[in-house]
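Chemist: Below, each chain spelled out in residue letters.
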Amino acid sequence: MNAKTGNQFGWAQLCASNVFIEFIDTTLRGCAQVMFQNNPLTGLLFFIAIFVGAYGEGSPAVAYGCVLGTIVATLTGLAMRDRKSWRAGLYGYNGCLVGAALPTFLVATPVAWACIVLGSIVSVIATVCIADILKTWKVAALTAPFVFTTWMILLASYAFTGLHSSGLPTPTLPQQLISEPGTIFGGGNVFVSMFNGISQVFLFSSLVGGIIFVIGLAVESLWAAIFALLGALLAIFTAAFLDASPHSIHAGLYAFSAVLTAIALGSTFNQPSWRVLTYTIVGVIFTVLVQGAMNTLLSPIGIPTLTMPFVLASWLFLVPNKDVMPAHRQ
Amino acid sequence: MNAKTGNQFGWAQLCASNVFIEFIDTTLRGCAQVMFQNNPLTGLLFFIAIFVGAYGEGSPAVAYGCVLGTIVATLTGLAMRDRKSWRAGLYGYNGCLVGAALPTFLVATPVAWACIVLGSIVSVIATVCIADILKTWKVAALTAPFVFTTWMILLASYAFTGLHSSGLPTPTLPQQLISEPGTIFGGGNVFVSMFNGISQVFLFSSLVGGIIFVIGLAVESLWAAIFALLGALLAIFTAAFLDASPHSIHAGLYAFSAVLTAIALGSTFNQPSWRVLTYTIVGVIFTVLVQGAMNTLLSPIGIPTLTMPFVLASWLFLVPNKDVMPAHRQ
Amino acid sequence: MNAKTGNQFGWAQLCASNVFIEFIDTTLRGCAQVMFQNNPLTGLLFFIAIFVGAYGEGSPAVAYGCVLGTIVATLTGLAMRDRKSWRAGLYGYNGCLVGAALPTFLVATPVAWACIVLGSIVSVIATVCIADILKTWKVAALTAPFVFTTWMILLASYAFTGLHSSGLPTPTLPQQLISEPGTIFGGGNVFVSMFNGISQVFLFSSLVGGIIFVIGLAVESLWAAIFALLGALLAIFTAAFLDASPHSIHAGLYAFSAVLTAIALGSTFNQPSWRVLTYTIVGVIFTVLVQGAMNTLLSPIGIPTLTMPFVLASWLFLVPNKDVMPAHRQ
Chain B
1 MNAKTGNQFG WAQLCASNVF IEFIDTTLRG CAQVMFQNNP LTGLLFFIAI
51 FVGAYGEGSP AVAYGCVLGT IVATLTGLAM RDRKSWRAGL YGYNGCLVGA
101 ALPTFLVATP VAWACIVLGS IVSVIATVCI ADILKTWKVA ALTAPFVFTT
151 WMILLASYAF TGLHSSGLPT PTLPQQLISE PGTIFGGGNV FVSMFNGISQ
201 VFLFSSLVGG IIFVIGLAVE SLWAAIFALL GALLAIFTAA FLDASPHSIH
251 AGLYAFSAVL TAIALGSTFN QPSWRVLTYT IVGVIFTVLV QGAMNTLLSP
301 IGIPTLTMPF VLASWLFLVP NKDVMPAHRQ
Chain Y
1 MNAKTGNQFG WAQLCASNVF IEFIDTTLRG CAQVMFQNNP LTGLLFFIAI
51 FVGAYGEGSP AVAYGCVLGT IVATLTGLAM RDRKSWRAGL YGYNGCLVGA
101 ALPTFLVATP VAWACIVLGS IVSVIATVCI ADILKTWKVA ALTAPFVFTT
151 WMILLASYAF TGLHSSGLPT PTLPQQLISE PGTIFGGGNV FVSMFNGISQ
201 VFLFSSLVGG IIFVIGLAVE SLWAAIFALL GALLAIFTAA FLDASPHSIH
251 AGLYAFSAVL TAIALGSTFN QPSWRVLTYT IVGVIFTVLV QGAMNTLLSP
301 IGIPTLTMPF VLASWLFLVP NKDVMPAHRQ
Chain Z
1 MNAKTGNQFG WAQLCASNVF IEFIDTTLRG CAQVMFQNNP LTGLLFFIAI
51 FVGAYGEGSP AVAYGCVLGT IVATLTGLAM RDRKSWRAGL YGYNGCLVGA
101 ALPTFLVATP VAWACIVLGS IVSVIATVCI ADILKTWKVA ALTAPFVFTT
151 WMILLASYAF TGLHSSGLPT PTLPQQLISE PGTIFGGGNV FVSMFNGISQ
201 VFLFSSLVGG IIFVIGLAVE SLWAAIFALL GALLAIFTAA FLDASPHSIH
251 AGLYAFSAVL TAIALGSTFN QPSWRVLTYT IVGVIFTVLV QGAMNTLLSP
301 IGIPTLTMPF VLASWLFLVP NKDVMPAHRQ
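In order, the protein sequence lines correspond to chains B, Y and Z. Per this note's numbering, residue 1 is the first one in the first sequence, and the count goes up by one each step. Per this note's numbering, residue 1 is the first one in the second sequence, and the count goes up by one each step. Per this note's numbering, residue 1 is the first one in the third sequence, and the count goes up by one each step.
Treat the hints as calculated values from the structure; they're not laboratory data. Misleading hints may appear alongside valid ones.
Identical chains share a label here; the pair holds if one copy fits it or two copies do between them.
As the list claims (entries may be wrong) - No more than 35 Å apart at the CA atoms, straight line, and that leaves these computed lysine-lysine pairs for DSBU-like: (1) 138 <-> 322; (2) 135 <-> 84; (3) 135 <-> 322; (4) 138 <-> 84; (5) 84 <-> 322.
Everything numeric in this text was worked out from a predicted model, so none of it was measured.
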């Protein structure tokens with residue numbers, strides 16, 4: 001631990017000399033890459049936040065699924081030729097999310113655990129596939145491999161009695177939402193909602209978890225932490241302006257995709273500037289609309305949006321990046 | 001007006017010397033580009049047709065939305081680097097359609113107007129995004145940016161009580177259509193249906209509006225006007241042969257996408273020839289099938305197809321263009 | 001016949017000298033390409049299997065549709081510039097499947113036959129379109145043109161009273177499958193299920209038909225025949241492990257896409273090796289999950305998956321091929 005926190009050089013040397021420690025380091029980076037950070041300490045903090053959140057919600061399987069998914073995906077990544085991407089954790093983050101999502105929505109039976117392992121393996125193949133396709137336009141796969149793989153397994157759970165839903169939304173035809181009573185702007189509530197939104201990236205609501213995630217971000221990039229907080233805040237206000245369900249807003253369900261859009265557009269794929277800030281604000285507001293849209297779109301088939309609103313909105317805003325940003329930014 | 005109609009040179013000089021007039025000219029071209037024409041007079045005639053049609057249906061908000069959307073999108077386009085596309089109105093036409101579609105399906109509240117502004121801004125980003133992706137295969141974005149942006153906002157309206165549906169189809173599971181009594185081939189009816197179909201590109205049925213649209217087309221391209229009329233006619237006969245709802249046929253709902261396919265395949269992206277004519281006929285007939293298919297596909301989620309049948313069918317026929325057309329056409 | 005079976009050289013010369021015989025040869029190759037084989041004898045055996053299966057199920061229209069679709073598509077292919085693809089039957093196989101699928105799900109009225117002709121023509125355009133798009137990533141169109149074209153016509157059948165469903169699934173919201181009593185592992189049953197699965201590629205269950213398909217494969221490629229059988233077997237065990245409906249497993253409904261994935265990944269686009277075998281096993285297992293997922297996904301819109309699970313899973317595994325397979329494989 002000391003090596004890691006107090007002495008990054010020592011840790012780097014340890015990784016270089018010991019294959020097992022290198023693997024642990026890569027697995028931690030895999031977890032950190034869920035929010036675009038290439039830093040093992042960020043990954044460790046994220047894992048802590050996940051255990052805090054999962055135990056807090058009484059669903060420890062989510063945390064163990066996360067660990068399992070990241071490990072399996074990182075192992076699978078060893079079979080790929082691109083060792084640099086492997087070392088940066090880029091084959092691990094989708095498995096991490098597959099491992100968080102499946103126990104959230106399915107009963108943790110042995111068949112479900114087998115699906116987490118299979119899903120994590122496939123998430124790596126999907127990562128290479130989608131990254132290959134998207135490099136034509138110089139855009140990253142984001143969390144699309146996770147979403148695609150998890151959607152397939154969740155949809156399949158309706159057809160296979162070996163997989164039991166524990167939290168999938170019941171398939172229904174969309175109906176106009178009836179205005180719900182309830183306010184979200186009562187003092188500290190917005191503050192809590194904000195951190196709920198950040199922790200919802202890993203599919204749970206947790207104030208403490210959310211705070212640890214932000215600390216983890218700040219360890220690697222202060223801008224990422226700032227954009228995460230501002231993204232969550234702007235998403236909450238946008239959803240409130242559009243009159244979304246106050247309960248959903250408070251649980252962070254309109255913020256988690258927006259948080260990722262804010263980090264991606266604001267700090268990961270652009271250097272902060274006024275122009276980038278404007279672009280990011282439009283992107284975050286649009287992500288909230290896409291979140292509402294995808295809730296409707298998926299309601300007849302009974303699966304959650306996962307982080308697809310973030311993926312769609314960010315692709316939409318990242319492909320034209322070079323046509324929008326000043327020339328020296330390329 | 002005289003400068004525009006009587007003296008194109010004078011108008012071009014005026015545009016070159018006055019930024020404000022250049023902006024108006026570009027906005028008019030934006031409207032004309034909905035049907036692929038790069039001509040401010042065509043745009044002006046289209047706007048007139050829109051006002052005639054919108055007031056005729058008692059929904060003036062559609063016309064004002066159109067003007068607002070085109071202006072906002074044209075303004076947003078100023079932020080893009082490609083000034084030639086901007087000047088041709090290629091950043092404006094999707095905003096124009098967003099502005100027509102949202103007030104057609106949503107109650108025109110302040111939140112809805114805010115969504116028109118946001119949607120028009122996003123339509124420009126979507127235009128650059130989709131155009132960037134599609135230039136890999138030398139195909140244009142067509143009206144896909146409009147469809148994507150508008151679908152998102154219409155789907156989102158189910159999740160947000162701030163947006164109220166005024167005309168969205170009720171979500172239902174598809175059912176085989178029961179044969180409806182009614183004929184469409186009673187004398188002048190086909191004539192009216194044809195112009196209804198052309199005006200449905202802007203989401204309303206209007207004989208006078210349709211006629212003005214055709215005149216607007218003819219001002220820039222006689223072939224475009226001819227293909228629009230023949231496309232509408234062929235679509236009506238195809239839909240009647242397949243036994244579609246006579247009411248929908250008469251309202252032009254099977255023709256508007258086919259009209260755009262006919263102009264695109266027949267005159268915009270190809271030079272008229274017998275081979276092109278054959279190809280266009282198959283394309284138009286298939287567009288009618290896709291229209292029926294997408295009506296079914298979207299019925300559980302309660303949104304209209306907009307011009308997606310045209311977009312899908314035209315992409316399908318335009319990508320292989322170079323493999324089908326004689327070599328000198330490339 | 002003798003020329004074909006006993007003397008390939010004689011047949012090849014005959015094809016070269018007689019345009020009509022060349023066309024028949026190409027049409028037969030079109031049928032064989034449904035399972036990736038470029039061999040007229042394979043195609044002839046496949047057509048025999050189709051007639052056996054179609055008459056066995058009491059739906060001869062399926063067999064005649066198949067013949068018609070392949071012929072129309074092969075004729076349409078003459079209009080394309082790439083004569084080498086035409087000669088290999090690559091413009092024919094999607095039309096063959098369109099011709100099999102439409103009479104399976106629609107009443108064989110004159111309008112339906114017109115749709116088979118139109119669908120076969122469009123399938124060729126879709127083949128060129130999708131192949132053009134996918135060559136950016138060096139991946140084949142597979143049966144996507146067939147799926148796309150047929151889905152459009154089947155979806156459209158709900159909107160047009162001229163087209164009557166004879167076997168489309170009733171649109172329903174997905175529900176968790178209730179465990180069905182019934183075993184699939186009673187002696188010879190697995191054997192029958194395996195061949196049912198292979199014949200389901202052409203949308204019917206037939207032991208004899210399935211056996212003839214395997215013989216047809218073996219005529220051109222022993223590996224293809226082996227992978228078809230192993231793919232079907234693995235799919236049946238996977239579906240049983242996941243507790244799918246025993247009836248569907250026995251009818252081969254979880255195997256047909258897996259059979260195609262196994263042939264594609266195991267023998268067509270890779271040379272058999274241990275690494276390829278492992279990759280193919282993961283691909284086949286995932287195809288079964290995608291089959292379950294797509295059954296759920298499509299249930300509200302009342303259309304069958306056709307071979308889309310194969311297409312999706314195979315694209316997913318073929319795009320990263322070069323990143324996974326040893327360097328000399330490129």
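Chemist: Decide, hint by hint, whether the structure agrees.
Modeler: Right, here's what the structure says about each hint:
Taking identical chains as interchangeable, the C-alpha atoms of residue 138 and residue 322 lie at most 35 Å apart whether they share a chain (10 Å) or sit on different chains (19 Å). For the identical chains of this complex, residue 135 and residue 84 are neighbours both inside a copy (16 Å) and across copies (27 Å), given an alpha-carbon limit of 35 Å. Proximity of residue 135 and residue 322 under a CA criterion of 35 Å is satisfied in both settings, with 14 Å inside one chain copy and 15 Å between copies. Taking the closest pair of Cα atoms, residue 138 and residue 84 come within 35 Å of each other both inside a single copy (17 Å) and across two copies (24 Å).
Taking the closest pair of Cα atoms, residue 84 and residue 322 come within 35 Å of each other both inside a single copy (25 Å) and across two copies (16 Å).
The structure fails none of the hints (numbered hints given earlier).
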